[in-house]
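Student: Put the two chains together into one complex, using the hints given.
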Amino acid sequence: MPSILEKIRVLGSNSKYDICASTASSRTEKYPKLFRNSKNWIGATAKAGICHSYTPDGRCVSLFKTLFTNKCIYNCKYCFSHGCKQRLSFTPEEYARTFMKLYSMNVVEGIFISSGICGSADATTEDMLESIRLLRFKYNFQGYVHFKCLPGVSQFLLKEAIGLSDRISINSEASTKEYLAEIAEQKDFNNDIVKRQRWLQQIRIRHNEEALKTMKDLKQDYQLAFQEKMIKERRKDGYKKFRWDGAPILNGGQTTQYVVGAAEHESDWDLLKRIDWQYREIDLRRAYFSAFVPIEGSPLESRKGTSLTREHQLYQSDWLLRIYHYNLNDIKEILTEGGNLPQGDPKIHCAHRYFKEHGSINPNDASYQDLIRVPGIGPVSAKRIINLREQKFKFNSRKDLKSVGVVLKRADPYLTINGRNQTTLLNFLK
Amino acid sequence: MARKCQDPLKIVGRAKGYSKKELIEGLRRHSNFSPKLVQQIKKLPEAFLRNSGTPLAKKLITMMREISKEAYRAKQFTRTEINNRGVLYGVVNLKHNVMDIVLHYFHERWPQCIICLYNEHNYRTGIINEIGRIWEESLSLQDLVQKISENRSIIPYFEDIQFSGKEIFEEHYKSQNIIERENPKYFSRMIPNYCYELPGMRNGIEKRYSSRNRNINEFI
Chain A
0 MPSILEKIRV
10 LGSNSKYDIC
20 ASTASSRTEK
30 YPKLFRNSKN
40 WIGATAKAGI
50 CHSYTPDGRC
60 VSLFKTLFTN
70 KCIYNCKYCF
80 SHGCKQRLSF
90 TPEEYARTFM
100 KLYSMNVVEG
110 IFISSGICGS
120 ADATTEDMLE
130 SIRLLRFKYN
140 FQGYVHFKCL
150 PGVSQFLLKE
160 AIGLSDRISI
170 NSEASTKEYL
180 AEIAEQKDFN
190 NDIVKRQRWL
200 QQIRIRHNEE
210 ALKTMKDLKQ
220 DYQLAFQEKM
230 IKERRKDGYK
240 KFRWDGAPIL
250 NGGQTTQYVV
260 GAAEHESDWD
270 LLKRIDWQYR
280 EIDLRRAYFS
290 AFVPIEGSPL
300 ESRKGTSLTR
310 EHQLYQSDWL
320 LRIYHYNLND
330 IKEILTEGGN
340 LPQGDPKIHC
350 AHRYFKEHGS
360 INPNDASYQD
370 LIRVPGIGPV
380 SAKRIINLRE
390 QKFKFNSRKD
400 LKSVGVVLKR
410 ADPYLTINGR
420 NQTTLLNFLK
Chain B
0 MARKCQDPLK
10 IVGRAKGYSK
20 KELIEGLRRH
30 SNFSPKLVQQ
40 IKKLPEAFLR
50 NSGTPLAKKL
60 ITMMREISKE
70 AYRAKQFTRT
80 EINNRGVLYG
90 VVNLKHNVMD
100 IVLHYFHERW
110 PQCIICLYNE
120 HNYRTGIINE
130 IGRIWEESLS
140 LQDLVQKISE
150 NRSIIPYFED
160 IQFSGKEIFE
170 EHYKSQNIIE
180 RENPKYFSRM
190 IPNYCYELPG
200 MRNGIEKRYS
210 SRNRNINEFI
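Quick note, the sequences are listed as chains A and B, same order. Quick note on numbering that gives the first Met the number 0: the first sequence kicks off at 0 and runs consecutively. Quick note on numbering that gives the first Met the number 0: the second sequence kicks off at 0 and runs consecutively.
For reference, chain B alone in the conformation it holds in the complex (with noise of 0.2 Å):
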């Protein structure tokens, strides 16, 4: 019995599953976070929390598991415009609260750039400034786009790709497919269906190959 109360981390060197300090912080990104499960999870041995064998363990660490989900899937299949003036702009639907990853995400590649990134599911609009600074607006993307532009300049190599990109992914995304090796099954567990739900995908060539041996009725 106390040989089974060890922690796996200690006693193995490596161990699935989170520590107590990982859950509480990671935990209140999720939507269905309340503080009284904080407390539950204060009052517990940290080898009881990485049991995923325990119930609670296993919701707790299903839990984190959507919340990284979310965000890697929103990293992965968010696309996003540019302007001229260098702000770059996109929807995601984000259910848990990993807007500040997906921001700092793009930030990183973006630095000089204003990140603005419209969240279905809330109707707001994160935004990440170039010196990190995150907050929230409740302005139309649209409207909010212009509005940061407003205030700024020209940037010539923004200026330079300003042309639509839609049709050179999807020639470029063809041109990359090999019939002879064709594997539907292997293609379903790289893109699950519910990934055809987030924004970015849902009007995405992807879809068309997904949805192949579907109801015409989808088509129209």
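Next comes chain A alone, as it looks inside the complex (with noise of 0.2 Å):
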């Protein structure tokens, strides 16, 4: 019988590519006492996430990350599966009660479970499940979960996990079908991930109208309406209005994890078409993106593992499409022939696009839209100058650029302040 120090060393290390970098919700602070209406509740979730501990690599480790069994009956070829002997699995009780002490001692701030398939979704889940409602329910926690959904659960799990859960995510793994078949030919894009991702959305909005009506006692009509509307509400492109939206159920939403370079000819592009379409159609929190690293006795052993450069770049024109609200077309500009992004900023190959064809920008008179594509201005700095120039103050110098936090060693080459360009020694001698 295997230790629970020998599960957590296998299940452990066998998660370790899975990623989940955030532990905040805003959920308690308005619904303290959404999964129960018990007094002894135990823990609480914090606005901006707290991270106990981080490992060499810098990672936070703020959540007991591990999987429930790594007995798969998938054969995923750039899985730890193929390299890892042991096959262990936690039980409900165990893998509940080991939590409830490491929160005990203060090391961890949530919860994120995930598994291999063993037998079927539906039995893997229900497992998984049972140690959840082991949490709410027998020790009334109410802190931090993250869900991974398991490829072709039911609607019915799926909806408990929703109610039971801050986040829940489902890994794309690859960007289509054809490069999802190439890396894991027996999960079915359309049908194990993208048609579970829509229920995802479909069941949260409706759950979070169910619940906003049950809490007439806690807020005003008009505030339930307003949060309705918040859940709701969208940009112009499609994108949700407002990614953290207060809901009271699964309040942070859906996310979704690639392997990076997993499949051979899946390019950049390809990834961010996928994640652009996830945003507008099924609304995605975020996506992460795992550098490939090829695990020793798996098929893909012998392949080269992805650049940490590549990761970054892709985590760079993710924030570039939520944050800025960039056009996925702009991004589609400055690729490689390959689809591929160019070494460097993404940002700053689009503004030098960019600003060559419309010419530097002047601060005093620049749209919001326009300020935010030069690099070393960002969302914080571009509504400082917009709300200083509605107080109708003039940008005269660069020194007043810096004072509201523009970076300007970057910002230079794109602005025109009092007529002039300050331009960086490179284009001076271009």
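No wet-lab data here; the hints were simulated from the structure. What you are looking at is a predicted structure, and each value in this text was computed from that prediction instead of being measured. Keep in mind that the hints are not guaranteed to be accurate.
Claimed, not checked - What follows is a set of in silico ranges between Cβ atoms, one per label pair, in the way DEER data are often shown:
#: 1; chain 1: A; residue 1: Thr213; chain 2: B; residue 2: Pro34; range: 48 to 58 Å
#: 2; chain 1: B; residue 1: Leu138; chain 2: A; residue 2: Glu5; range: 37 to 47 Å
#: 3; chain 1: B; residue 1: Glu21; chain 2: A; residue 2: Arg242; range: 25 to 35 Å
#: 4; chain 1: B; residue 1: Lys42; chain 2: A; residue 2: Ser402; range: 50 to 60 Å
#: 5; chain 1: A; residue 1: Lys398; chain 2: B; residue 2: Leu138; range: 55 to 65 Å
Unchecked claim - Listed next, the in silico DSS-like pairs over lysine-lysine satisfying Cα-Cα at most 27 Å (straight line):
#: 6; chain 1: A; residue 1: Lys46; chain 2: A; residue 2: Lys401
#: 7; chain 1: B; residue 1: Lys206; chain 2: A; residue 2: Lys15
#: 8; chain 1: A; residue 1: Lys408; chain 2: B; residue 2: Lys184
#: 9; chain 1: A; residue 1: Lys215; chain 2: A; residue 2: Lys38
#: 10; chain 1: A; residue 1: Lys401; chain 2: B; residue 2: Lys74
#: 11; chain 1: A; residue 1: Lys398; chain 2: B; residue 2: Lys57
#: 12; chain 1: A; residue 1: Lys272; chain 2: A; residue 2: Lys240
#: 13; chain 1: B; residue 1: Lys42; chain 2: B; residue 2: Lys19
#: 14; chain 1: A; residue 1: Lys15; chain 2: B; residue 2: Lys184
#: 15; chain 1: B; residue 1: Lys41; chain 2: A; residue 2: Lys137
#: 16; chain 1: A; residue 1: Lys38; chain 2: B; residue 2: Lys74
#: 17; chain 1: A; residue 1: Lys15; chain 2: B; residue 2: Lys165
#: 18; chain 1: B; residue 1: Lys165; chain 2: A; residue 2: Lys137
#: 19; chain 1: B; residue 1: Lys146; chain 2: B; residue 2: Lys173
#: 20; chain 1: A; residue 1: Lys382; chain 2: B; residue 2: Lys74
Built from N, CA and C at the ideal position, the CB exists for glycine as well.
Tutor: Below, the structure is given as structure tokens:
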């Protein structure tokens, strides 16, 4: 009988490539007794999340992140399961107790529960849910839970998982049906993944509508109507208008993860197209990218690992889409022939192209959209500039811009102040 | 000149720094606080206090940051234990007067427990009870926990988790590291060296990784 330590060692290392960066949830602040109206509840979520430790790779260890079982009927080519000889499973009771112990030590902030598929997706999900039920109803745990949805799981189980979790994710792994078939031939992209993601979106909206109706004693009617609007409202490009919409159910929304570079010819463009679609159509909160690492004993063992730079550039582009409201075509213009992002910061490439065509801008009359295209100006400093202009403030020197947080060494080549453009040495030589 | 005297919060919409009210309330927690400082702050205009370019404001902002940083690090890196009677206890090292903030953080998580945090800095233990009342005692942590526990009954689900978790956390921590992604520079930015001086981190597994290339005598 393997010990708990043995299980954590094996199942923890099997889940280390799963990414979960956030522990933030604004749920408990407004709805403290969501799961059970008990006075004995334990745990809380922090609005900005808290990291209790970090590994030497710099990632935070704030969630109890292990697989529930590493027994799996699938045979994905990138997966650890080829190299791992020990097949282990937690029991729900064991899992819940171990987590509560760690939580009482203040070394973890919440739980991240994922699993291999032992028997069927439904049977494994049922066991995983049993652990969460124990946590929520036996130990009265009200803190952060990230639930990993298994491909092919039934809708009724998904419904229950949504009601018990702060965040749910379904790993897309690849951007298209063909690429997924290349690395995980048993998974059906449309049925196992996309269909489940759509369910998640619909159930979340429905659950929240019902939850808001039952919370009439906590809020006024107009507040509830506003909150419902926040959950549903969209930007012009189809993305959700409010990323953190304050929903009482599944506050952290749904996320997904890609294995970058596992499918041989999958380009950055393929991935960006897919996440753009997911942001518009299924209300994805955010996408995570995990650079492919060849695992000993797996069919892709001899393949070269993906560089972390590529992963980083994908995150930068993702940021441009979500936070800077860039259009996907803006990024398309800077791609190389193979459809990959060029070396360096995608925002600088976009800016170089855009301002070559439109000329440098004057911060005294540029629009918000133009301002955030300038490297060194982010949404916060762009808003500050606009606010100052509304107060009839004129930017007469670079110093004024610096005082609102603009990074001048990056922004200079694209700005004209008082009719002057502070160029870089490189541009000057050109 | 008139423009320069305006409060950036009013003209920019958001600004760094603290308002006069926040400074007066917050600085009382600092170990170097003196009532004279409050009198000095009261005389100064809001815009002056928000402008981190002025030496006094710079000093005040630094003091405020020291306070919030200490409270945040205590929330992050304090390691606690719980007994079967619902007493949660741990050790902190708080130079500034932020014990109540840290106690409230734990109280939010464990509302039906009594929380005792021993402060190494002033050799006193801060306690918060179920209704959120805070007081201090000068008894040793062990005696205090025993004394409080005597009057409390055993709570079944705390009884359930009466086993050592240190090895479990260490095993979990080790299992999460991806060697291919090792990034010592980032790691040391996330856990700066002074954090290893905190009671919860002194014997923590993180230190074994951070001190990998140090003098061998440190390991003995």
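Student: Work down the list of hints and note, for each, if the structure agrees.
Tutor: Tested hints:
1. A:Thr213 <-> B:Pro34: 48 to 58 Å: Since threonine 213 (chain A) and proline 34 (chain B) have Cβ atoms about 51 Å apart, the given range 48 to 58 Å holds.
2. B:Leu138 <-> A:Glu5: 37 to 47 Å: The hint (37 to 47 Å, Cβ to Cβ) holds, given that leucine 138 (chain B) and glutamate 5 (chain A) are roughly 40 Å apart.
3. B:Glu21 <-> A:Arg242: 25 to 35 Å: At 28 Å between Cβs, range holds.
4. B:Lys42 <-> A:Ser402: 50 to 60 Å: Since the Cβ atoms of lysine 42 (chain B) and serine 402 (chain A) sit about 25 Å apart, the hinted range of 50 to 60 Å is violated.
5. A:Lys398 <-> B:Leu138: 55 to 65 Å: 58 Å, holds
6. A:Lys46 <-> A:Lys401: 30 Å, violated
7. B:Lys206 <-> A:Lys15: 21 Å, holds
8. A:Lys408 <-> B:Lys184: 24 Å, holds
9. A:Lys215 <-> A:Lys38: Within the cut-off at roughly 21 Å; holds.
10. A:Lys401 <-> B:Lys74: Violated: lysine 401 (chain A) and lysine 74 (chain B) sit about 34 Å apart, past 27 Å.
11. A:Lys398 <-> B:Lys57: Holds, at roughly 19 Å.
12. A:Lys272 <-> A:Lys240: 19 Å, holds
13. B:Lys42 <-> B:Lys19: This hinted pair holds, its Cα atoms lying about 10 Å apart.
14. A:Lys15 <-> B:Lys184: Since the Cα atoms of lysine 15 (chain A) and lysine 184 (chain B) sit roughly 20 Å apart, the hinted pair holds (cutoff 27 Å).
15. B:Lys41 <-> A:Lys137: Distance ~53 Å between lysine 41 (chain B) and lysine 137 (chain A) Cα, so the pair is violated.
16. A:Lys38 <-> B:Lys74: 24 Å, holds
17. A:Lys15 <-> B:Lys165: Status holds; Cα separation ~20 Å.
18. B:Lys165 <-> A:Lys137: 24 Å, holds
19. B:Lys146 <-> B:Lys173: 37 Å, violated
20. A:Lys382 <-> B:Lys74: 33 Å, violated
Checked against the numbered hints above, the structure violates hints 4, 6, 10, 15, 19 and 20; every other hint is satisfied.
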